[in-house]
Amino acid sequence: MTERGVVFDLGYVPYEGERRARRGAIATTYRDGIYRVFGIRRRARKKILPWILVVFAMLPAIVFVGFAFLLSTFSPEAESPFGSHGDYFSITGGVVLLFVALAAPELLIPDRREGVLSVYSSRPLLPDDYIGTRSASLLTVVAAFMLIPQVLMYIGFAALSADGFFTALVTNADEIPRILAATVVYALAYAPLALLVATIASRKAAATGIYLGLMFVGAGLAAALVEATTLPGSRYAALLAVDGHPDYVRDWIFGTTGSSETTIANAGLDPWISLAVIVVVAAVSSIFVVWRYRRLM
Amino acid sequence: MVDAAILSARDLGLAYGSIVALHGVDFDLPPGRIGLVGANGAGKTTLIKILLGILRPTLGSAGVLGFDATKDMLDVRSRIGYMPEGDCLPLDISAAEFVAYAAGLAGLPRNAARQRASDVLTLVGLEEERFRPLEGYSTGMKQRTKLAQAIVHDPELVFLDEPTAGLDPEGREEMLELISRLGGFGINVLVSSHVLGDIERTCDWVLMLDGGRVLRSGPLSHLVDAETVAVEVIGDIDAVAQHLIAAGATVDESGQRLLVSTSADDAFRLVRDALADTGSGMRSLGPKATTLEDVFLEGSGS
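Line order of the protein sequences matches chains A and B. Quick note on this note's numbering: the first sequence kicks off at 1 and runs consecutively. Quick note on this note's numbering: the second sequence kicks off at 1 and runs consecutively.
It should be emphasised that the hints constitute simulated quantities derived from the structure, not laboratory data. Heads up, some of the hints might be wrong.
Some chain A residues judged to face chain B by a derived CB distance under 10 Å, without partners named [to be verified]:
#1 Arg22
#2 Ala27
#3 Thr29
#4 Arg31
#5 Asp32
#6 Arg41
#7 Arg123
#8 Leu125
#9 Leu126
#10 Thr229
#11 Thr230
#12 Met297
To be clear about the criterion: a stretch of chain A counts as covered by chain B if any three or more of its residues have a C-beta under 8 Å from a C-beta of chain B, and this derived list gives those stretches [as the list claims (entries may be wrong)]:
#13 14 to 20
#14 42 to 50
#15 112 to 122
Where a beta carbon is used, it is the ideal one built from N, C-alpha and C, also for glycine.
Next up, chain A with everything else stripped away, as it sits in the complex:
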């Protein structure tokens, strides 16, 4: 005789498990931020641009290491013809600029437009937690864009070194703090301003456009003013070249100042002035964003 199955209607079952309150809310918001900028658990079209940029950031490093491997196969003593760690920031810097222009609006604007902030406001999460966590998500991704290819090159070139892997790692260890410092500089230069624009703009496309406009128009305007004006102090117009500051500071960090022909370099400004501009813009942007979200939530 076969036993017949029985369906039980359990109805509503109270939850008696772990509750992590604010800590859990912050972790959930942070994870959602990472997923969101990469389009994870979202439609395919949301994944296209972020992952294309990931490929653009990573592929050159893989190609460089691959060529270095081929070269070392034929001549173990040969130096890699490809640029230094500092030079690679020129590639990832541009990619990260585009990524941040897309990611910052994606992180902030839908929550405001679709009213989701009211859900955050009913959870154990402060406005500062929300905006701090969203910023942390963006900074994490920016750091990953910058650091992963650098780590790949660092380990890859060390593995191919004629001096041996561990010797090369130790010999080049002084590059590590420079790589980290340059990563912080790029993150500070790009992310807070993008979050500021995303806080003000009501549409994602507008925010991306305004941000890229600020970067590129600022660079063009700075170049025109520096070249066209002969008044004393006109060289400080070069500070308007917002996108040029991290490159200039990066050259300073890697000890290659003067190697690039940027508007800021041509104006003869000290690199610490560029660093100060980056820090001030990041601080002012962050203060405004926090103030705004304290009013919204």
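Fit chain B to the given chain A structure using the hints.
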């Protein structure tokens, strides 16, 4: 006074510049299903936002589940749920994703959040559609998703702000049915609505606001108790009315209908005697159904 009040306010006030949204609000509300009623602009949403800790009162204090709504905001928010009146759904993800996310925001671990989201979406009748993007949902489905995110973490108290807004009659019935069931799940409910019929259907205590002040607060059964008898007379209605007035009743005449109330005697017996003595007949007789709307209009002086 209410024993073990889950919500309380003492001289609560809030002003937006020169506009006073709430003034001198005092109440103690018991566990159960509480209706918060009032016209648009009465201060209902402002009161809910103070209780959630979103707005800081300019005067007085508010308590939620024994916590100060302003000072202990995070403790309060760990124990409550909120279904806002307006949109609150990200349209590019599924209901399952969003409700699990809402559970995570309340502090539930990932696996528990996913399991709870699945259970609660089934409970609100969205088990089949829960993996579809929210942008394709009807208004009724969106309202049910909003309710699901409000209760997914099993709160002690849930605030529902105009939960039937925009729903067709069938969707409204389903939503009211769901709200009525929440009490059985051990979840206390504060339902804010300007549709008084919805409150009568779902709540057992009513807090009425008018112009930012408390108009009434009490058990629904007390507010709508019928002490008045309505009779539709066939015959000489004036003679019947005079007979009732002579017997000490208060009479309100409207067409062939009389509303009869008396504090000294049984109104039904007076009506029976008046009809018999005047040789009149009647088409209907019964207690006057006093609705929440009558109570509200009477209290607000409209």
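How the hints compare with the structure:
1. Arg22: Interface hint status for Arg22 (chain A): holds (6 Å vs cutoff 10 Å).
2. Ala27: Given a least distance of 8 Å, the restraint on Ala27 (chain A) holds.
3. Thr29: holds, 7 Å
4. Arg31: Constraint on Arg31 (chain A) satisfied, holds at 8 Å.
5. Asp32: Asp32 (chain A) check passes; min Cβ-Cβ to chain B is 6 Å, inside 10 Å.
6. Arg41: holds, 6 Å
7. Arg123: holds, 4 Å
8. Leu125: For Leu125 (chain A), the interface hint holds, since the closest Cβ of chain B sits about 7 Å away, which is under 10 Å.
9. Leu126: holds, 8 Å
10. Thr229: Check failed: Cβ of Thr229 (chain A) comes no nearer than 47 Å to chain B, outside 10 Å.
11. Thr230: The hint is violated - Thr230 (chain A) has no Cβ within 10 Å of chain B, the shortest such distance being about 52 Å.
12. Met297: holds, 7 Å
13. 14 to 20: Holds: 6 residues of the stretch 14 to 20 of chain A have a Cβ under 8 Å from chain B.
14. 42 to 50: holds (count 3)
15. 112 to 122: holds (count 8)
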